[in-house]
Amino acid sequence: MQDSQVHADNTAHSVHEEHPAYLRHHFNSAEQQADAAGFAMWLFLLTEVMFFGGLFTAYLVYRNWYYPAFVSGSHQLNVVWGATNTVVLIFSSFTMAMGVWCAQTRRRRGLVLSLALTFILGLSFLGIKTIEYREKIEKHHVPGFHYSLQSFLDPQSDPEVYAEYHDKALEPDMARHTELYFSLYFLMTGMHALHMIIGIGILGFMILRAWAGAYTAGHETFVVNFGLYWHFIDIVWIYLFALLYLISRHQ
Amino acid sequence: MSEHTIVSLPDQATARIPKDNYITRENGLLSWLLTSDHKRIAILYLISITFFFFIGGALAGLIRLELLTPQTDLMATDTYNKVFTMHGIIMIFFFLVPSVPATLGNFFIPMMIGAKDLALPRINLLSWYLYIAGGLLALYTMTVGGVDTGWTFTTPLSTHYVNTNVLTTGLAAFIAGFSSIFTGLNFIVTIHKMRAPGMTWFRLPLFIWANYAASILMVLATPVVAIAIVLIALERTLGIGVFDPTKGGDPLLFQHLFWFYSHPAVYIMILPGMGVISEVISTFSRKRVFGYTAVAFSSVAIAVFGFFVWAHHMFIMGISNYAVLVFSLLTMLVAVPSAIKIFNWTFTLYKGSITFETPMLYAFGFLGLFTIGGMTGVFLGSSGTDIHLTETYFIVAHFHFVMVGGMLMAFLAGIHFWWPKMTGRMYPEKISQMAAVITFVGFNLTFFPQFILGMLGMPRRYASYPPEFQILNVFSTAGATILGVGYLLPVLYLIWSLRYGAIAGDNPWQATGLEWQTQSPPLTENFAVMPVMDHEAYDYEWLEKQQQAQKETGEASAG
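If you're matching them up, the sequences are chains A and B in order.
Mapping the first sequence onto my numbering, position 94 (from 1) lands on 94, and the numbers just tick up by one.
Mapping the second sequence onto my numbering, position 110 (from 1) lands on 110, and the numbers just tick up by one.
Okay, chain B solo, but in the shape it has when bound (with noise of 0.2 Å):
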C-alpha cells in the first residue's frame, strides 16, 4: 500500500470539498488559539503579518504623502523621523522575516517532505505566540509615542541622545527574534529528522533548501541581535559603558552586533521567497529547475557568505581601509550564487511549456526587480560608490527592489501557488493576473525614480528637501498609491475567494510535490497513508507518464 507514491490527479471539474480537513476537524476559536498543527499555526501567521503589514503600509503611506512636496507640511519633522522608524521596525520584524517561513514554510515544509508535523509543534505555538506578544509591544509603543532611532537603533542617538521609547521597541525586537529562532530551530531538525521514506537530500524540493539555508542564518545570527539589544537597555537603564565613548566604549562595536545579525536578516527575509521562486517557475514551465544542485547549494552559499559581508554597513563609520576592501570583496562574492540562481530560472524557462497564471506573472517580476536590486547593490558592495551613494535614497531604492520587489512578489507568487491548497478553492484569475501587473506597474513607478533622486545626492531620512527634487518624488508616491491599490486587490478577492472561488481539486496546477499528492485542503496529519518517494523533485516526464497510465486505465476500465 505505501510501496509507490500516491498520484492524484483527480478531474478538477468534479472535485469537492473534502468534508474532513484541518479547518473542519476542530472548531471554535480555541481550537485554533491552542493548536498545535502547522496548518492552522500558518493561517494564524498568515493573518497576523498581513495585518502587519498593512500597518506599515499605512506608515509608508505616510511617508511618501509628506514627501509629494519639498516642505514639510504633513506632520512635523520629529513625527516624520517616528513615521519612518515604525514602519522600518514593523516591515522589518513583524512582516518581511515571517512571512514566507512562518507562513508557507510552516504550512507546506512539512507536507513537502512528507511529514505530519514539524518535529517541535508546540514550539512553533510557542513562537506564533512570542510573535504576537512582540508585535502588541510596538503597536503599544506607537500609540504612547514611537520611537525616532531608525530601525537601527544606532548608539550613541539610542542610548544617550533620544527621549523616546527606545525600550519597549527593543523588547519587542527582542521577544519577535526569539520567535524566528524557534521557527528556524523548528525546521532545520524537521527537515533532518522528519523526511519521508525515499525523500533524500537531493529529491528535496528546493523551496525546502532556501528555507533550510535561511533557517540557518534565523538560529544563528538572531541571538547576536539580541544581545546587542540587551547591552543598548542596559546601557539606557544602568549606565553600563559598553558603546559609550566616555567610558571607553565604542558606538562601532554595536554596528558590528548589529550589522553582524541584520545583514544576514536580509538573506532570512529574501531566501524562503527564492524559493518559492523554484517551485512556481518549474510547475509553469512544466520543467525541473535546470541545474537542481547548483541552485540548492547556491543558497547554502547565500547563506555562508551572508555572514562574512556585515561590515559593507561601516564603510563610512570609520572602518580600516583594509576592512573595507576584505569586506567589498566578500560582498561582491556574494552576488555569485544570487547571479546563479537568477540563470538557472531563466534557463527553466527555456522550451518549457510556459503559462502565464498569476503566481508565473509574480515570479516574473520577481525574477527583473530582484536582479535590478542585486545589481545596484553591487553598486553598493564596492567602496568609491558607496561613499557616493550611503545615506541617499539609492540605498532606499536598492533594499525596496530586493525586499519589496523580491520578497514581497515572491510572497505574492507563493501564496496564489498554493492558496487552493491551503482553502480548497481557486482565487480569481484575471482580476489577479491584473493585480499583478498594477503591483508591478506601481512599484516600478515607486522606487525606479529613487535610484535616479540617490544618484543626484538626495539624502535619506528627511522630511523636506530641495525644490528640484519634487517632481521625482511626484512620481514615487503617485506609484506608491498605485502600489497601495495592488497589494488591496489580493486582500479583498482571496477573502472573496474563499467562499465563492471554484474548487481546487488535490492539484489544479498538476505538480509534483508531495503537498499536491493530498487532499485540499490537507487532512489534520496531511497525508491519509504515509508518502513514499521515489522520483526526483520536479520529475514532469514522470507525471506525464503517470497521467498517460491513468488515462490508459480508464480507457480499459471504460472499454
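So that you can see chain A by itself, here it is in the shape it has in the complex (with noise of 0.2 Å):
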C-alpha cells in the first residue's frame, strides 16, 4: 500500500511539470482555475451588491418619509461635477475594458497604456469628488456639529441654489431631516470612494506587474477579474448620480 502511494505521488508530480506555471496544485486545467476564480469574483460582487443595498435601503425608506428635505438637499448638489464624473468614470471603465482585451490578445504595451489611464481617470474622479466635498464643507452641510440649516430654512440666503431652484423655506421640523440626507450622500459616495481608492491601489500594482509582462503570458485572470470589480464600483456610481443628483431635479 505504502509503495502504490509513492508511485502515484511520483505520477502525480510528473503531470505537474507538464502544467503552465501559473496553474496551482490543485487545478486539474487552467479552464478550471479561471472558472472557479471568475465565479468567485461574482459571489464578492453579490456579497458587495448586499453591503450597499443596506444604504440604499436606508435611502428610499428616509427618502419616502422626508420627501420635501430630501428634494431640497438633493437640489445643494452640484449636478455639473456628479456629470463630469459621471462621464470620467464611464470613460474609465472603457479603458479598463480595453485593458482586458489588450490582456487577452497578450499586447503588453497596450494593456500598460490603457490601465495607466483608468489609474489616471480613477484619480480625477476622486479629485473632482474632493471639490464637492469642500463646497459642502464650505456650507456647513457636512453631518455632525457644524451642521448648519441656513441654506433650508432661508433659501434666498444661498442665491446660486434658489436661482435655480427656486425652493420654499422648509419648516423647522422638517429642515432637520436635511441632515440625514446629508449623512446618507457621505455614506454612500464616501463608501463608493473608499472602493476607488481599493480599485485604484490595486491598478497600481497591476501597473507594475503588466509592465514585466504577467498578464500577456495566457494567465489573465487577475485583470478579467479586477474589471469586473471596476464596472461594478462604476454601476454604483450610476445609482448614486441618478438617486442622489437627478431624481429630485424637477421637483
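Be careful, since some hints might not be right.
Stated by the list, open to error - Cut-off 30 Å, straight-line C-alpha distance, at most; resulting in silico cross-link-like pairs (DSBU-like, lysine-lysine): (1) B:Lys247 x A:Lys168; (2) B:Lys430 x B:Lys19; (3) B:Lys247 x B:Lys287; (4) B:Lys247 x A:Lys136; (5) B:Lys287 x B:Lys193; (6) B:Lys551 x B:Lys351; (7) B:Lys287 x A:Lys129; (8) A:Lys139 x B:Lys19.
Everything labelled a hint here was simulated from the structure, so no lab data went into it.
Assemble the dimeric complex from its two separately framed chains, guided by the hints.
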C-alpha cells in the first residue's frame, strides 16, 4: 500500500510539470482555475451588492418619509460636477475593458497604457469628488456639530441654488431631516470612494506587474476579474448619481 | 486506473499510520501558519474555536453562578451586563458561526467531493487570519472593560447611551464577518467547480448540501450586518443620524438591517450541523438517508425561507400588525423543511442496523433537543404567545436548545465521527459515550427549567430575580456544572488519543463517503489517485457487494 502511494505521488508530480507555471496544484486545468476565479469574483460582487443594499434601503425609506427635505438637500448638489464624474467613470470603464482585451490578445504595451489611463481617470474622479466635498464643508452641510440649516430655513440666503430651483423654505422640523440626507450622501459616496481608492491601489500594483509582462502570457484572470470589480464600482456610481443628484431636479 | 472508485476497506487490526500525510509532510510552526492546505487550516480553526468556546463557556459559568441566588452578590449589575454580552458575542461570532463550516467543512468538503483543496486556498488562510484578528480584538475589548449592549448592539443604546467599548466590539464582529463571507464564498465556488468526475449534484453527500445552503446565507446576509455595524460606528464617532430619532433617523431600521443578517445567521449556525447529522445517522444505521432529495432541498428551503422571517424579532418593537401577520406565517413555514429533515432522519433509522457509537449518541441527542428547540420556536413565531414570552427566559431556553442542544451536539458528533480520519487514531469509546450522556443530562438540567422560568415570566438579562424563581435557577446552575464536565471530557480524551488512541485505519466506520476512501490521516493532496464517483451517496448495498467481492478474491488468492 505504501509503495503504491509513493508511485502515485510520482505520477502526480510528473503530470504537474507539464502544466503551465501559473496553474496551481489543486486545479486539473487552466480552464477550471479561471472558471473558479471568475465565479468567486461574481460571488464577491454579490456580497458588495448586499453591502450597498443596506444603504440603499435606508435611502429609500427616508426619502419616502422626508420627501421635501430630500428634494431640498438634493438641490444642493452640483449636477455639473456629478455629470462630469459620471463621464469620467464611464470612460474609465471603457479603458478598463480595453485593458482586458489587450491582456486577452497579449498586447503588453496596450495593457499598460489602458491600465494607466484607468488609473488616471480614477484619480480624476476622486479629485472632482474632493472639490464637491469642499463645497459641502464650506456650506456647513457635513452632518455633525457644525451642521447648518441656513440654506433650508432661508433658501434666499443661498442665491446660486435659489436662482436655479426657487425652493420654498422648509418647516424647521422638516429642515432638520436634511441632515439625514447629507448623512446618506456622505455615507454612500464615501463608501463608493473607498472602493475607488482600493481599486486605484490595486491598479497601481497591476500596472507594475503588467509592465513585467505578467498578464500577457496566457494568464489574464486577474485583469479580467479586476475589470469586473471596476465595472461594478462604475454601476454603483451610476445609481448614486441618479438617486442623489438627478431624481429631484424637477421637483 | 482511475476508471473506478478506490475501494479501501483494509483490516483495522493491521492498520498503521502512513508515514507521509498532511501532518508529517512539513514541520515547524511556520509551515502551519503559512499553509494553504485546507486540512491544516481546519486544524488551526479547530484549535482557535475551542479556545474561544472555553472563554465563552467560562463567561456562561459566571452568569449561572450569579443567578444561583436571587440577589446580585457575585458581581455588580453592570458587570453582569458585560458578562452576558461578551458571552453572546464570543459564542456567536467566534464559536457557533465558524464551528462546523470552518473546521469540519474546511477539512471534509474538498475530500467529500474528491478535490485536492478548496478552490481558493489563500483566501481560506486569509479568512482564518481575519477570524483571529477579530477574536483578538474581542479579547482586547474584554480586558479593557468590555461592552454592555447585549450582542445585538441595539440602538439607540449602542449609539447614544452606553460609554463602553462598542467600537472595538463592532469592529471585531465586522472582521469576523468578512472571515465568514470568505469561507462561504470559497465553499460555493469549490462545490460548483471542483467536483470529481461522476460527482453529480445528487450524488453529493448531504453534508455538502447543508454547507452549500449555509454558504449562500453567509455570502448574502453577512454584508448587511457589516454595513449596519459601520453605520453604528459612524453614528458614535461622527454623529450622523441614520438611527438617531432626534435627527429623523429610526432605530427600527437598525433592527431590520441587523436581523436581516442575524436571523439567517441562526441557519448559518444550524445547517452545517444538520449536514453532520445526515452523515452520522446514515453511517450508523447502515442505510441510505431516507428521502435524500427531500433532505437536500430542505436545506436550500431553510436557507431561502430563512431570509424572509427576520422581522419576528421585532413583534413588540412597533412594526405594523400586517407585517406581524406575514412574518408570523413565514416563520412557521420554516418549521416545514426542518420537520422534513427530522422525519427523514427518523425514517432512516427505521429497519436500519443501528449501532450506538459516540457520534450516534450525540446525533440522537441532537434529534430530541433540536425538535424541542424547533417546536418552541413555533410558540415564539406566533405573535400572541410571543408577546407573552419574548424577553423572558423562554427565549433563552429556546435558542440554547437549538444552538447548544442542536449545533453543539452536532459539532461534537462530527468531531468524534471524523476524528479517526483527521488524526489517524480512534478516540476512547467508553469514556466518550459517557461524555455524550453527561452532556445530554447536563444540558436538559440547565435549560429545561428555563422554559418554565420563562413561562412564569422571569425576564432575561437581569442579575437579580424574585426569590420564588430560585429553585429552578439552582437546577439550572447545577446542570451547567454537569454540562461543563461534559464539554471538558472530550478535550482531555481527544488530546490523550492523539498519542495513545488505537490506530484507526482508513475506514473505521465502513462508511461510503469519498473521504473514507483515502488513508487516515490523508495525504496533503487528499487522494493518491483522482477518485471517480460511480455510485450514489450512502450506497451501503454497493459497499456490501464490494466487501463481498474483496472477501472472495481474498479467499481465492489464499486458496
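Exercise for the section: Please write out, lowest number first, the hints stated earlier that are contradicted by the structure. Expected result: 3, 7, 8
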